[in-house]
Amino acid sequence: MSEKTDSEASFLWSNFFQRDREKDIITLLRGVPIFEGLGRGQLRAVERILHRRKYHAGEYIFREGDPGLGMYIIEKGEVSIVSESRSSEIARMGKGEFFGEMAMFHERPRTASAVAWEDTKVFGFFQPDLLGLLETRPSIGTKVVLMLSRILAERLYRAGQENVRLRSELFLREHE
Amino acid sequence: MNSDMTNTKILIVLLLVILLVLLGLTVYAIGTIVAIFLLAMLFSFIIAPAVDWLESRGLPRSFASTIMLLCSLGVLMVALYVLAPLLYDQVLALQARVSFGEMRKSIPLMEEELVNFFSFLGVTNLHLTARIEDFVGGLFDNILNIASGIVGMVIFVVMTLISTFFLLKDGRRLKKAMIEIVPNQFFEMSLSIMHKIDWSLGAYLRGILLDASVIGILTTAAMYVLEIPNYILIGIVAAVANLVPYLGPPTAALVASGVSVITLGDFSQVPLILVTFTLIRLIDDSVVQPLTISQSVKLHPLTIIFTILIGGQLFGILGMLFAVPVAGVIKVVASELYFGLKRYRAVY
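Protein sequence lines, in the order shown, are assigned to chains L and W.
Sequential numbering from -15 applies to the first sequence in the working numbering.
Sequential numbering from 129 applies to the second sequence in the working numbering.
Below, computed lysine-lysine pairings styled on DSS-like, alpha-carbon distance capped at 27 Å:
id: 1; chain 1: W; residue 1: LYS470; chain 2: W; residue 2: LYS303
id: 2; chain 1: L; residue 1: LYS38; chain 2: W; residue 2: LYS470
id: 3; chain 1: W; residue 1: LYS426; chain 2: W; residue 2: LYS470
id: 4; chain 1: L; residue 1: LYS105; chain 2: W; residue 2: LYS304
Selected chain L positions facing chain W (Cβ under 10 Å, derived; list incomplete):
id: 5; residue: ARG32
id: 6; residue: GLU43
id: 7; residue: PRO51
id: 8; residue: GLY108
id: 9; residue: LEU118
id: 10; residue: ARG121
Since the hints were made in silico from the structure, they are not lab data.
Everything numeric in this text was worked out from a predicted model, so none of it was measured.
The beta carbon of each residue, even a glycine, is placed where N, CA and C say it ideally should be.
Between the sequences and the hints, there should be enough to build the whole structure, so can you do that?
Right under this line is the structure:
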């Protein structure tokens, strides 16, 4: 009797935490711009195709020059984006932020390395899974692709603006 | 540095060889279980795009898998219901022709002609009547054997169907679980290789099935038009024989010619049959295969010959038939593995 109660309690306990964990993940994904506009059920479908990985401090998530396969969303910890060729840190990212999204569209070599700054948990979201999502759940897949395109377009626009600013600065310096 | 690279290459080749030997031994030791799993994998590869399509229409994956599996089973049952009695009649008719028909009288005459023609080889007696009767009788016996082993077959089919259902329904979860145990260092590489193998293998298996079906239908239609009896039997032989490059199509042409000679008692239709098979071969090489099977999977003729010999040595006629597709599968897996490792600079 007591054993049964114990196992029931443990089941309820783990189930409670499982639901809690799921809720946390859904809350985390809801905050990621790529998944903006997705409903709870849709986010759960996305969560099913994500790959959860743990990295120790100093461990490489991917290396500069490797073929890019997809992007990562940080669940816990910090990740440093490092340029190996320039031996410098480009950015430091934390919970809810994402990196490597260019690889969702093109299997080009990674332009920088990603290293876990501390013990880190990430969700990997990869091109083959996005293609699978587009095939099996097109309503979710197209929303994700649209949001990814918006983010990349926004970056392209900002890079263009920066380019114009730098050119005009250079022009002014040359004519001073 | 160079010697390091050579050592890595040798190690990889050694590991691959050990893996292949272990795989071969496992297949040999627990053949039926492996056959069930492989067949289930084959079916799930073929049916998966249809399940994906149904899922994209809003059906849950498990429901979509059940529907597609039942549909495939239905098609198979209808085909068996329509074809099995026809096939059975055709085998019986063929046997009757050999045993009691005019062919029994004309075989000795043909044999005499052949012995005269090949007299320079010192051949005096070919025992053609006995050999043909043995062959056709054997065909009949095999069908009876299959019928008597029906219980074993039912268990085999049910197990294969259950495995196919779970592979269709939980295939992705299974892959995800497999990738979860891969160390971080090889994670992206493994995922990329696994996806590429999955894609290429699916395309290859669907390709050879489509190719064999087209050849079977073309052959059946051509034999029907030429009024060759046993046209369905010949069509099936041609479709299955098509799995064996180089040797398959001539074998099917030989069977068709044999049936024609046995039925008519002369060689009058043989040239027409040979021309028809050559035309079907040309259509297959120039139209069907380029559309269905990727050129990169093509094997070297010498590889094909040795593959067929090994298949025959290990598993008899069935081994010979499926040796080349299995070699094709191994080639797809090995090349995707190699290029994947190369892309990630694990090999140079």
